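J.: Spelled out, the chains give:
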Amino acid sequence: MSIRFLFAAVVAAMMVPGAVQAQQAWNVPGATNAQLKAPPSGPAPRRDLTGVWDAGGAGIGGSGQADEREKARAPFTKLGEEMFQRNKPGNGPRMAAVAEINDPLSTIGDPSGFPRLLTFELRPFQIVQTPNQVLMLYMFEKRWRVIWTDGRQLPKEPDPRWYGYSVGRWEDDTTFVVESVGMDDRTWVDNSGYPHSTSLRVTERYQRVSQNTLELTVTIDDPLVYTKPWLARNKLPLKLMPPGADLMEMIPSASEAQAYTKSISSQTKTK
Amino acid sequence: MNAKYFGLFLLVAALAAPAAVAAHHGAASFDTTMEVTLKGTVTEWQWFNPHCFLKFDVKGEDGTVKNWAVEAGNPTDQTKRGWSRNSFKPGDQVTVTLQPVKTGAPVGRIRSVVLADGREFK
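As given, the protein sequences belong to chains A and B, one line each in that order. Residues in the first sequence are numbered from 1 upward in steps of one, following the working numbering. Residues in the second sequence are numbered from 1 upward in steps of one, following the working numbering.
Some clues are possibly wrong.
[Claimed, not checked] With a straight-line Cα cutoff of 27 Å, these simulated DSS-like cross-link-like pairs (lysine-lysine) come out:
| id | chain 1 | residue 1 | chain 2 | residue 2 |
| --- | --- | --- | --- | --- |
| 1 | B | Lys-89 | B | Lys-66 |
| 2 | B | Lys-89 | A | Lys-235 |
| 3 | A | Lys-228 | B | Lys-59 |
| 4 | A | Lys-262 | B | Lys-122 |
| 5 | B | Lys-59 | B | Lys-122 |
| 6 | B | Lys-80 | B | Lys-55 |
| 7 | A | Lys-269 | B | Lys-59 |
| 8 | A | Lys-239 | B | Lys-102 |
| 9 | B | Lys-39 | A | Lys-156 |
| 10 | A | Lys-262 | A | Lys-88 |
| 11 | B | Lys-80 | B | Lys-59 |
| 12 | B | Lys-66 | B | Lys-102 |
| 13 | B | Lys-122 | B | Lys-66 |
| 14 | A | Lys-88 | A | Lys-156 |
| 15 | B | Lys-39 | A | Lys-78 |
| 16 | B | Lys-66 | B | Lys-39 |
| 17 | B | Lys-59 | A | Lys-262 |
| 18 | B | Lys-59 | A | Lys-88 |
| 19 | B | Lys-102 | B | Lys-59 |
| 20 | A | Lys-142 | A | Lys-235 |
| 21 | A | Lys-88 | A | Lys-239 |
| 22 | B | Lys-80 | A | Lys-269 |
| 23 | B | Lys-39 | A | Lys-88 |
| 24 | A | Lys-239 | B | Lys-55 |
| 25 | B | Lys-102 | A | Lys-142 |
| 26 | B | Lys-66 | B | Lys-80 |
| 27 | A | Lys-142 | A | Lys-269 |
| 28 | A | Lys-142 | A | Lys-78 |
| 29 | A | Lys-78 | B | Lys-80 |
| 30 | A | Lys-262 | B | Lys-55 |
| 31 | B | Lys-39 | B | Lys-80 |
| 32 | A | Lys-269 | B | Lys-102 |
| 33 | B | Lys-102 | B | Lys-55 |
[Stated by the list, open to error] Quick look at which bits of chain B chain A covers, simulated, 3 or more residues with Cβ under 8 Å:
| id | region |
| --- | --- |
| 34 | 45-51 |
| 35 | 56-65 |
| 36 | 82-96 |
| 37 | 103-110 |
[To be verified] One-sided and incomplete, this derived list gives chain B residues near chain A with beta-carbon spacing under 8 Å:
| id | residue |
| --- | --- |
| 38 | Thr-37 |
| 39 | Thr-41 |
| 40 | Glu-71 |
Keep in mind the hints are simulated off the structure, nothing from the lab. Remember, it's a predicted structure, so these values are computed and weren't measured experimentally. All residues carry an ideal CB built from backbone N, CA and C; glycine is no exception.
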């Protein structure tokens with residue numbers, strides 16, 4: 001086969017849309033992409049969460065976690081109700097008009113923060129394990145979290161951070177439990193404007209039920225804001241993506257938020 | 001809503017088809033009971049979070065031009081629907097079906113965009 005013929009064949013293959021997509025290895029938007037071959041299933045490996053995990057549409061949480069809180073019968077405290085009323089969400093039961101929304105994430109490009117990145121826009125994320133840490137690398141915001149597994153204790157009086165302080169431990173060979181404190185109270189718990197204080201404590205349970213499935217349960221415990229703990233995620237199934245999946249960038253930048261405000265939301269105000 | 005800007009408009013009952021994903025906000029500002037179809041010329045296409053948006057000029061019956069701004073979902077979700085940063089460029093002739101905002105401003109959210117060559121983005 002001549003070089004010229006080979007070149008022509010390659011060019012021809014690239015001009016066929018299907019052929020190009022079949023070779024596409026970058027920016028795979030989700031595990032449901034039919035061109036990706038799911039990894040073989042099997043029993044859960046021992047103490048191993050590594051891989052890229054995708055909750056699909058259930059991870060988005062656009063309307064927030066109001067149903068879960070009501071199911072838990074965990075009403076607000078007086079302070080919690082006051083904080084809640086100040087937040088004007090763009091979605092959920094108290095959906096505000098676009099021009100009235102004061103969501104710090106979507107309107108001014110503040111960080112989503114923790115635990116909101118588990119309740120809203122939980123897009124595919126990668127878990128990496130090192131000898132003394134579990135790292136979680138999120139597609140949304142292109143953020144990462146460090147979960148220490150070296151036996152250290154959580155700080156007693158932490159200086160608040162957008163993503164808090166986290167430690168983790170294996171409860172058994174397939175269950176990894178993470179405790180987090182010290183979250184900045186400017187962030188919301190979810191997309192419906194649920195607030196939290198700096199006293200918030202979050203527990204995540206990652207239960208690897210098989211090779212290809214991980215279940216995530218998230219407990220919100222903030223006695224200053226909620227009268228009892230409640231589950232913001234309850235056994236949310238996460239599917240293992242193929243090892244070659246390359247995550248997209250999904251960054252809510254301040255400049256893009258401002259451009260949206262100028263072109264769209266400011267134009268929707270009632271005169 | 002000022003009817004004179006809609007020389008080419010087609011009003012249809014709202015269909016059950018899902019709107020573009022708008023996880024950032026819901027439908028509070030939009031009139032979900034109506035859809036409007038407008039023909040115009042693209043002036044701007046922004047591939048942005050939390051919403052991509054398209055701006056296009058529409059010429060009214062009286063010759064005046066109004067610039068519309070209509071939003072879609074975020075780039076990640078639009079990618080899954082076959083949209084891209086290069087789907088539209090200034091000067092493209094487009095037929096846009098949208099749900100307008102309740103205030104009557106030339107703003108809305110996209111239901112579909114059809115290019116002059118017939119390609120449709122939903």
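J.: Evaluate each hint against the coordinates.
T.: Hints and how they fare:
1. B:Lys-89 <-> B:Lys-66: holds (18 Å)
2. B:Lys-89 <-> A:Lys-235: Status violated; Cα separation ~44 Å.
3. A:Lys-228 <-> B:Lys-59: violated (58 Å)
4. A:Lys-262 <-> B:Lys-122: The hint holds at about 24 Å.
5. B:Lys-59 <-> B:Lys-122: Given pair B:Lys-59, B:Lys-122 holds - Cα atoms ~23 Å apart, limit 27 Å.
6. B:Lys-80 <-> B:Lys-55: holds (22 Å)
7. A:Lys-269 <-> B:Lys-59: Status holds; Cα separation ~24 Å.
8. A:Lys-239 <-> B:Lys-102: The hint is violated at about 40 Å.
9. B:Lys-39 <-> A:Lys-156: violated (62 Å)
10. A:Lys-262 <-> A:Lys-88: holds (19 Å)
11. B:Lys-80 <-> B:Lys-59: The given pair, whose Cα atoms are some 32 Å apart, is violated under the 27 Å limit.
12. B:Lys-66 <-> B:Lys-102: Distance ~17 Å between B:Lys-66 and B:Lys-102 Cα, so the pair holds.
13. B:Lys-122 <-> B:Lys-66: holds (23 Å)
14. A:Lys-88 <-> A:Lys-156: Violated - the C-alpha atoms of A:Lys-156 and A:Lys-88 are around 32 Å apart, more than 27 Å.
15. B:Lys-39 <-> A:Lys-78: violated (52 Å)
16. B:Lys-66 <-> B:Lys-39: holds (11 Å)
17. B:Lys-59 <-> A:Lys-262: holds (23 Å)
18. B:Lys-59 <-> A:Lys-88: Violated, at about 36 Å.
19. B:Lys-102 <-> B:Lys-59: Satisfied, since the Cα-Cα distance of roughly 21 Å is no more than 27 Å.
20. A:Lys-142 <-> A:Lys-235: holds (24 Å)
21. A:Lys-88 <-> A:Lys-239: Given pair A:Lys-88, A:Lys-239 is violated - Cα atoms ~33 Å apart, limit 27 Å.
22. B:Lys-80 <-> A:Lys-269: violated (31 Å)
23. B:Lys-39 <-> A:Lys-88: violated (35 Å)
24. A:Lys-239 <-> B:Lys-55: violated (38 Å)
25. B:Lys-102 <-> A:Lys-142: Given that 27 Å is the threshold and the Cα spacing comes to 35 Å, the pair is violated.
26. B:Lys-66 <-> B:Lys-80: Cα-Cα ~31 Å, so violated.
27. A:Lys-142 <-> A:Lys-269: violated (32 Å)
28. A:Lys-142 <-> A:Lys-78: violated (35 Å)
29. A:Lys-78 <-> B:Lys-80: It is violated: about 43 Å lies between the C-alpha atoms, which goes past 27 Å.
30. A:Lys-262 <-> B:Lys-55: The given pair, whose Cα atoms are some 12 Å apart, holds under the 27 Å limit.
31. B:Lys-39 <-> B:Lys-80: holds (25 Å)
32. A:Lys-269 <-> B:Lys-102: The hint holds at about 10 Å.
33. B:Lys-102 <-> B:Lys-55: holds (18 Å)
34. 45-51: holds (count 5)
35. 56-65: It is violated: at least three residues are needed, and the region 56-65 of chain B offers just 0 whose Cβ sits closer than 8 Å to chain A.
36. 82-96: It is violated: at least three residues are needed, and the region 82-96 of chain B offers just 0 whose Cβ sits closer than 8 Å to chain A.
37. 103-110: holds (count 4)
38. Thr-37: violated (20 Å)
39. Thr-41: violated (17 Å)
40. Glu-71: Status holds, d = 5 Å.
When held up to the earlier numbered hints, the structure conflicts with 2, 3, 8, 9, 11, 14, 15, 18, 21, 22, 23, 24, 25, 26, 27, 28, 29, 35, 36, 38, 39 and fits the remainder.
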